[in-house]
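**Q** Below, each chain spelled out in residue letters.
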Amino acid sequence: MTAGISWPGGKQFAFSVFDDTDLSAPGNFEAVYDLLASLGMRTTKSVWPATGSDLQPRSAHGSTCDDPEYLRTVLQLQQAGFEIGYHNSYFEGLPRDLIQEALERFNALFGAYPIAHGTVRLDGREVRFATVDDAMSAGLAFVPEDRDSSAFIGMDLRENLSAANVSQYWNGLFLRQRQEARDARQTMAEFSLKARSEHQSFATLSGGNQQKAVVARWLRRKPKVLLLDEPTQGVDIGARGEIYRLVRRAVAAGSSVIVVTSDFEELARVADRVLVLDGGRLTAELRPPDIEPSRITQLVLSGSGARSPMEVNPS
Amino acid sequence: MTVSGTIGTEPGSPEEPETTRSGVGPAESRALLNAERFALPGLLVAVFLFFALWSKTGSQFRSLTDLQEVGSSQVYIGILVLASLFPLVCGEFDFSVGQVAGFTQIVTATCMARFHLPLLVAVLVAVAFGALIGLNNGNVVARIGVNSLIVTLGISGVLLGVVNWYTASQSISEGISSKLVSFGDSNFLGIPDVVYLLIGAAAVVYYVLEHTPYGRYLTSIGSNARAARLVGLRVERLKLSAFVLSGALAGLAGVLLVAKNGSASPEAGSVLDTLTALAACYLGATSIRPGRFNVLGALLALYFIAFSISGLALAGVQSWVNDVFYGSALFLAVTVSTVIGRRRAGVTT
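First to last, the sequence lines map onto chains A and B.
Going left to right, the first sequence walks through residues 3 to 317 as the numbering used here numbers them.
Going left to right, the second sequence walks through residues 16 to 364 as the numbering used here numbers them.
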């Protein structure tokens, strides 16, 4: 795959409609899309897969794919080359069953969003995970972008460090809390975690130390693949270096690490291989000695300034 | 509204200097922490000594029968406290525990009086009914995602109606196993039998919450459900199980209600008892392990309230004061634990 995007029909650039604007009635957005198409622009349509009090607030008065007419229109759009996106893939507090159900429905209608094309292979074998637990057992580890999704704020440092391997301390009768505390102290030393003790409340640690602890939580499991999503956002310089030093060490010990970051300086410093994605498509690949911030910036911008054509509405 | 298993905390702000955030030094903060931890036990001892030594109340307050009465009268609420802890720890409310007990006391009495079943079977049926109601609550809360406060309050209303319909608002006092009734008011080594039961049940709940992975999982969910999901926990299933345990324990509390009263009355066991139990849970969360719901703290809080009210009654205070006392205890407990939670999260108000 080379740099530069090839759009169907040899179009020059893409255009995204983030369409909470359409009130989802076909008549409302058709004209807009027609206009964009006549200008040679490719567009995105995101949809609500199913009707349900949580999946599609009724107050929004929008249609969903439960409406046959709406669905027909959306399918036509997809045939015409539109990317079909998925509204509200994540809700705080929404039971997983509902998310799962909506995803499956979306999958059946449009092909899965999470894996749109291709396969995920681990050690050469194709894998698909039904639950987080499955993925963890297969050797995956994931540090999400925000600590709202990773920090157990009201618990202590030790409990945060062992959150992903609690069962390891169960001897059939008791949690071996002394062993857990010993391991916590060891991790604190290894990661230069600054805390009064392993029992310090997580809330009172600095952002950098919290993030180091979250990364440490997963490195403890010696993962085959470590996924880091913007691992140093909101982390002070010292902790940044520390985090990457330890990630490096995990790599040396045999882990593979995938980092997603928008900080190109950082990327150039830490990565062995850089892939540029634009609109969910692989547009360029860099290896040393080409990995330089200016080169990455150039490649990203040369993606014709296009915004991601497939955008998941995260609200 | 959901409660947080670790109370009133918010994640730290993103940009932080590389220092710990609390303004106080380690020694000072440890002293503060210890003061916080032992404030409630201290208060319990102080209240106890005050009423035991005050000339107006002392002689009766100190009498063995009175102490036994206070001890055993709280066992039923004590079991409700234990029942409430499971959902609270994972960030949910079970408001139905009091009414579930009210329902299962009728179940227990009916099993014995109407169907002439042995005591053990009656107990098992009561606990099973409690667990079943908990299963229903948990299903609606965890799988469908309805607010637990609403679900459990709604169920309470339904149960109250069913109790009044089935009993025609009459008490059941004939045909109750005499073994159960005598268990309700006999003592061993000067301590009421039912208090041993409470201690035993508390020990089991303490063990489960503090020394098993299951307890840790529930605490993690209460602390941050999203993060819990991302470390592989089956959040819905675990929440559901917390409600089942809560229901089963509330079912057991219903049996104790029969033991205590020697009969089953449609008026016994209500949402008011839930409030008392919740007051103890929240008050207890300011102590022993401040910022966390914990068994020992909650039971100390329960007896702190009980001894205070018993002492006040002996001092001649009118009975409406009890309600005010319970109410303010709940109010103060929630306020104080929220403040503690905030401070521990380093958030200043």
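Since the hints were made in silico from the structure, they are not lab data.
Some hints here could point you the wrong way.
[To be verified] These stretches of chain B come out as covered by chain A in the derived footprint (C-beta under 8 angstroms, 3 or more residues):
1. 229-236
2. 259-267
[Claimed, not checked] Here chain B is said to cover these stretches of chain A; the calculated rule only asks that three of the stretch's residues, wherever they fall, bring their Cβ under 8 angstroms from a Cβ of chain B:
3. 157-167
4. 243-253
[What the hints assert, rightly or not] Examples of chain B residues lying across from chain A (beta carbon under 10 angstroms, computed):
5. 71
6. 73
7. 172
8. 176
9. 194
10. 239
11. 246
12. 248
13. 249
14. 306
15. 307
16. 345
Even glycine gets a Cβ: it sits at the ideal position worked out from N, Cα and C.
**Q** Now tell me, hint by hint, if it's right for this structure.
**A** Status of the hints after comparison with the structure:
1. 229-236: Coverage by chain A holds for the region 229-236 of chain B (4 residues, Cβ < 8 angstroms).
2. 259-267: Since three or more residues must qualify, the claim that chain A covers the region 259-267 of chain B is violated, with 0 doing so at under 8 angstroms.
3. 157-167: holds (count 4)
4. 243-253: Contact hint for the region 243-253 of chain A vs chain B: violated, 0 residues under 8 angstroms.
5. 71: violated (43 angstroms)
6. 73: With a closest approach of 42 angstroms, the residue 73 of chain B hint is violated.
7. 172: violated (22 angstroms)
8. 176: Since the shortest Cβ distance to chain A is 27 angstroms, the answer is violated.
9. 194: Violated: closest Cβ of chain A sits about 33 angstroms from residue 194 of chain B, beyond 10 angstroms.
10. 239: Constraint on residue 239 of chain B satisfied, holds at 5 angstroms.
11. 246: Holds - the Cβ of residue 246 of chain B comes within 10 angstroms of chain A, reaching about 5 angstroms at its closest.
12. 248: At 8 angstroms from the nearest chain A Cβ, residue 248 of chain B passes the 10 angstroms test, so the hint holds.
13. 249: holds (7 angstroms)
14. 306: holds (6 angstroms)
15. 307: At about 7 angstroms, which falls below the 10 angstroms cut-off, the nearest Cβ of chain A leaves the hint on residue 307 of chain B intact, so it holds.
16. 345: violated (21 angstroms)
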